[in-house]
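Visitor: Dock chains B and C against chain A, hints included.
Just so you know, the sequences run in chain order A, B and C. The numbering of the first sequence is the working numbering, which starts it at 1039 and goes up by one. The numbering of the second sequence is the working numbering, which starts it at 29 and goes up by one. The numbering of the third sequence is the working numbering, which starts it at 309 and goes up by one.
There may be inaccurate statements among the hints.
Claimed, not checked - In silico DSBU-like pairs for lysine-lysine, Cα to Cα no more than 35 Å straight-line: (1) A:K1278 - B:K171; (2) B:K145 - A:K1278; (3) A:K1167 - A:K1259; (4) A:K1259 - B:K42; (5) B:K145 - B:K42; (6) B:K171 - A:K1259.
As the list claims (entries may be wrong) - Not the full set, but computed from the structure, chain A residues with beta-carbon under 7 Å of chain B: (7) D1256; (8) F1257; (9) F1260; (10) A1263; (11) G1265; (12) H1275; (13) K1278; (14) V1351; (15) R1355.
Calculated directly from the structure, the hints in this document are not laboratory data. Using N, Cα and C, we set each Cβ at its ideal position, and we do this for glycine too.
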Amino acid sequence: MIAFIVRRLMQSVLVMLVVSLLAFSMFTFLGDPISSMVGQDTPIAEREKLRESLGLNDPVPIQFARYVGRVLEGKFGISYRIGLPVDEIIAERLPATLELSLVAAFYSLLVGIPMGVYTGLYPRRMLSKFFLTISLVGISLPTFVIGILLILFFGVQLGWLPTNGRGEVIQLGFWSTGLLTSSGWASILMPAFTLGMFQLTLIMRLVRSEMLEVLRTDFVKFARARGLTNRAVNFGHALKNTLVPVITITGLQVGNIIAFAIITETVFQWPGMGLLFLQAVQFVDIPVMSAYLMLVSFFFVVINLIVDLLYYVVDPRLRIDTSAATGA
Amino acid sequence: MTKIPANQPLLEVKNLRVEFPTRRGTLVAVHDVSLHIDPGEVLGVVGESGAGKSMTGAAVIGLLEPPGRIADGEIRLEGERIDDLPYEQMRRIRGRRIGAIFQDPLTSLNPLYRVSKQLIETIQTHLPMTEKQARARALDLLKEVGIPAAEERLDHYPHQFSGGMRQRVVIALALCAEPRLIIADEPTTALDVSIQAQIISLLKRLCREHHTAVMLVTHDMGVIAEAADRVAVMYAGRIVEVGPVREVVRNAKHPYTVGLMGSIPHVGADVDRLVQIEGSMPRLTDHPTGCAFHPRCPRVMDRCREQRPELRNVDGVDTACHLFEEVPA
Amino acid sequence: MSVTTSNRMRDTVDRALDSDIYHSFKGSTLTMVAAAVTLVIFVAALLAPLITPQDPFDPGQLDLLDAFLPPAWAADGEARFWLGTDNLGRDMYSAILYGSRVSIGVGIAAVLLAMAIGIGLGLISGYVGGTIDAVIMRIADVQISFPAILIVLLIDGVMRGILPHDQHADLALPVVVLAIAVSIWPNFARTVRGSTMVEKSKEYVQAARVIGRNPITIMARHVLPNVMGPVLVIATISLATAILLEAALSFLGVGLPPTEPSLGTLIRIGNDFMFSGEWWIVIFPSVMLATLVLAVNLLGDWLRDALNPKLR
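Okay, chain A solo, but in the shape it has when bound (with noise of 0.2 Å):
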């Protein structure tokens, strides 16, 4: 068990490095930092200087070191765009991105899963079928259309929620949470939705074609020839098989969040870390962009070593036992 731990840590370590290395690499020869922290006119010599100065015209090597030393400080330079620290304005938006993403990961988690337990136990049925159809509409429509039709209606047509931005917003430390108060929760419901669509859908199907394929199992038939209840057995036995995929899924399904997030935030210019790295995108803002790979990945990185811990600490089949199995 404790091998298995580093191993994946080990792991995660390395996937880090190379995407430092990636990062790093945009960082130094696609910006030229020099260019966005002095004038135009500023004469050739005097650059010299300040590159040299930088330590910018030190060996690969260095500079990769010294980049991923100042990483782990947390320091990821300066952006063109806005000439403010970068990890000041990621720590300003991170709050607007992870509040959006958590809520709308709850959302469809929280309707996906019975959507999909009811549609495997009763795959028959009106309503089943009825859930089936708008699953694959959601499946097909693109993000920002939905959020295009949300606003067209509830917004404007309506006038029932606002339509941008993230409401009143309370700060709490270093963390500022539009959760607290009515105007927060009023505009981070058609975003959450939006951002949750696909996310639903997916669990919605995974969790069905689980269910159908538990269901089909000896054991459950095993269990109703035992006469358990059909509680014990759908919601006992089958659920439980069903939700280990799932759970697992949706954790490595944070990073399509993260990455959806992007295009919700701009159709509802939610002021979160996408909608900065569009930003930084159409702007070739190369120390937020390399800035924003690190940090997403290093999310990633993260969350899928939990789930891989998660996996192993609930399926049993897992866990390599000392005691072999005894002869008959």
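Guide: Same frame as chain A, now just chains B and C:
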């Protein structure tokens, strides 16, 4: 539970017919099966794959997979009809009065639940016991089926047991609510040959001790010869021969049964080749007229092609074959 | 990330997407409708210049006085612009057909490029094996677990960084095609690699090696036909993904520019006018896009069922 008169059978199946309505027409898996099992006796049901034996067992315990359904006939347990019960009532019978054991012990157990949980859950579903009492009973059951170090292994997961051990756990699970009848569907087929004998003798012993009847469904004549009191031979959805196991094995009457007995390898027998029955059993959609076995029968007569033989008692064994019917004067 | 977990996850997801939802629609009128709709859109897009009253992206054909006309059935609508016009007087009907052309074109180009990369790398990976195989598959695995949109955005951003600023608009199309292709090649590679490994162990390959013929050409001639079925299915579904990715890119403003817009670009343009009541500028391209993607998705799944040997 009503007190049964001394000579009433535990299980009575009369003219059972199991159908599968499909888009391509109705498939008949069991045409017309009548049998009975007395309390405490072991009835072997033997036949090739597709003969309908598993379907008969599934119908008795009420676990026919839709669209399969009982189209005709009745099933009585201790005199009361059970084939037309609503789901909830049938559920209460399952496990408590009729138990079941299936073929593959690996897939019969939920891999995510400890054995203790699966046992206790079943016990508490049927018997009014506290968790502690149920756990004690579970432990006793494990010991009874011969699991060594039962105390410790009670809390293990199924994958931590070997194949034979797992089947013992399955037997324990089937017995935990003290059912009167157990449907055992190919209980040894998935096990190593060396383990098969152990499991069969375990099953025999336990059922004798608990006075539990068994419907032992299998294609393995050797298992039947070893464990059953009576045996019913099924072919193409019907019973062609049924009687005490020694009689049927030694003096098989129906040509199909003769063929089956001949196909069992005997140690020391002086034969060059095993008897093989030509051809194969008709598919569910493809039923011959008259006697279903006539296309393969080495002693076929004209009558066999036209008229289906009924079961008649011949020397203590019921046989459905024209060879043994009195020709009307 | 642990490869075993990711493989298991992938199998589960595949099974979910493969579930009998589509079986219940298969052979039904819905699939027929989907196929018909896809065909109609494709053909219409192809013939766009022939069936539209104007080329909306030729400034010479536009008249600003025609701007902001609502659809023909509304109060101020005009019959010749039956779906209305946008802020520059562009006929919406023409715009969405031309836009579909670009969307579909980019999608197909990206898929073809991804196929070339994926099949090539898959063949190499499966045949050569060893470290090269491990490296290629590792990259593919990691890439698959990253959301495509991120990869696409990154590549787009990097390319913009490399290319001089004034060339951004001209080279937008190839950059987008490249970015999308790079994010979807792994699916092709994995499938082809699997089949290659199976074929590699067969006798005719050993025989060819003994004779001295170049095994690679032989494998290309034998592996490829075997693998074409699944590759076709992946291609169709990838087409839907590619169209969606391109639309997302363009909507975000880093895809195709308004001078050569796709449906995504049109939606982006229309987005600006949503709040002032000119809903048709954003709705019609959206509906067109959604219909297109839905139809291609359904078609892809029908194809998967049709080519699935287990169901035959």
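Visitor: Give a verdict on every hint.
Guide: Here's how the hints hold up against the structure:
Taking the CA atoms of K1278 of chain A and K171 of chain B, the gap is near 29 Å; set against the 35 Å cutoff, the hint holds. The hinted pair formed by K145 of chain B and K1278 of chain A meets the criterion: a straight-line CA distance of about 14 Å does not exceed 35 Å. Between K1167 of chain A and K1259 of chain A, the direct Cα distance comes to roughly 26 Å. Compliance with the 35 Å bound is thereby established for this hinted pair. Annotation: proposed proximity of K1259 of chain A to K42 of chain B holds, straight-line Cα distance about 25 Å (limit 35 Å).
The straight-line distance between the Cα atoms of K145 of chain B and K42 of chain B is roughly 38 Å, outside the 35 Å bound, and the hint therefore fails. Restraint check for K171 of chain B and K1259 of chain A: satisfied, since their Cα atoms lie roughly 25 Å apart, inside the 35 Å limit. Given the 7 Å rule on beta carbons, the hint for D1256 of chain A holds: about 4 Å separates it from the nearest Cβ of chain B. Satisfaction of the interface hint for F1257 of chain A is found here, the shortest Cβ-Cβ separation to chain B being roughly 4 Å, below the 7 Å cut-off.
With its C-beta approaching chain B no nearer than about 4 Å, F1260 of chain A sits inside the 7 Å limit, and its interface hint holds. For A1263 of chain A, the shortest C-beta to C-beta distance to chain B is roughly 4 Å, which falls under 7 Å, so the interface hint holds. At its closest, the beta carbon of G1265 of chain A sits 3 Å from a beta carbon of chain B; the interface hint therefore holds under the 7 Å criterion. Taken as an interface hint, H1275 of chain A checks out: its beta carbon lies about 5 Å from the nearest beta carbon of chain B, inside 7 Å.
With 7 Å as the threshold, the beta carbon of K1278 of chain A comes within range of chain B, its nearest partner Cβ sitting at about 6 Å, so the hint holds. Annotation: interface hint on V1351 of chain A violated; nearest CB of chain B at approximately 12 Å, more than 7 Å. Interface hint status for R1355 of chain A: upheld, as the beta-carbon distance to the closest one in chain B is roughly 5 Å, under 7 Å.
Going down the numbered hints, you'll see the structure goes against 5 and 14, while the others check out.
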